[in-house]
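Can you make the complete structure from the sequences, with help from the hints?
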Amino acid sequence: MVNRLVPRAETMLRISVQPAARSIFSSPDAQGPSLGSCQPHNHIMFLKTHKTASSTVLNMLYRFGEERNLRFALPLGYQLGYPLPFNAHRVKGYRGPRAVEFHIMGNHMRFNKPEVEKVMPADTFYFSIIRDPVSLAESSFAYYKEVAPAFRKAKGLGDFADDPRKYYDPRLRNNHYARNLLWFDFGMDHNANFSMALAQRGVAMVRRYFKLILVSEYFDQSMILLRHALCWPLDAVVSFSLNARQQKPSGIGGMSGSWVGKAAAAAGVSVRGGHSQAKTPPNLSLTEEQREKLRQWMP
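The opening position of the sequence shown corresponds to residue 1 in full-length UniProt numbering, with each subsequent residue numbered one higher.
Hints are computed from structural coordinates only; laboratory data are not their basis.
C-beta atoms are modelled at their ideal positions from N, C-alpha and C, and glycine is treated no differently.
A portion of the hints provided could be inaccurate.
As the list claims (entries may be wrong) - Distance condition first, Cα-Cα at most 20 Å in a straight line; then the derived PhoX-like pairs of lysine-lysine:
id, residue 1, residue 2
1, Lys293, Lys92
2, Lys113, Lys211
3, Lys118, Lys211
4, Lys293, Lys155
5, Lys92, Lys118
Stated by the list, open to error - Using C-beta positions, here's what the derived DEER-type ranges look like:
id, residue 1, residue 2, range
6, Asp162, Met205, 37 to 45 Å
7, His228, Val147, 33 to 41 Å
8, Arg201, Leu84, 21 to 29 Å
9, Arg207, Val100, 25 to 33 Å
10, Cys38, Arg71, 16 to 24 Å
11, Lys153, Arg295, 19 to 27 Å
This is the structure:
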């Protein structure tokens, strides 16, 4: 879906937010250029993809929603049924198709549009975020090394890239992390053999269901586009980086004890270091040939 993007997302996430006594959404000098007479979107569905800086985006939504007293579609448990396709009954407080007005949905799920439509209003703004497949593979291998059997068997990412099918068994639990993870998160068949026709159908589906797709390698630029698409004030999209590789956070932007911190925990945001405490860092070195093989494995 994303091909040959040079900048890395980690280099793009430079904006930091410090806790302040006054609302970050109410400073009159931080609204940015006027967006005309448009009305801010309050019904938002964010497909939170894996290892794409999506936690940063979700925390922006949490802050915006908490400030405006909006209702979030939160999971009954850890996530919204992931890795199973999303089902509306996985939402806490769901009482039937649109019986309760939810404003924002953004926790990890495997996208299933008909079920999402049972929860979210008809005028919901859908968006998501993607990442260069090789960068995604590096991050996924580091994070899911002990979770995905295909990664666990490989000595390093280069070893996996040389012959992915040697290690990959689609029948094993959690191996979806090792192939076409974005394709899987968007609800498509990540084990399908690649073809241009398949790619075109995937792109058509994304264009049909989503109003905007962010690119993590161009995170700052994506935030500007998102701000205009949502008709939000500029300071509503000021963000901070979470879950960066090798980071050991002690909390979430100073929000650990707040409702936002609890919601972030429900989203799967690490607040105790988690995978960053691995005993031995995985080998992520790749040759150019191996990088190209990964592009073919995770197009």
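Hint numbers not upheld by this structure, sorted from lowest to highest: 1, 6
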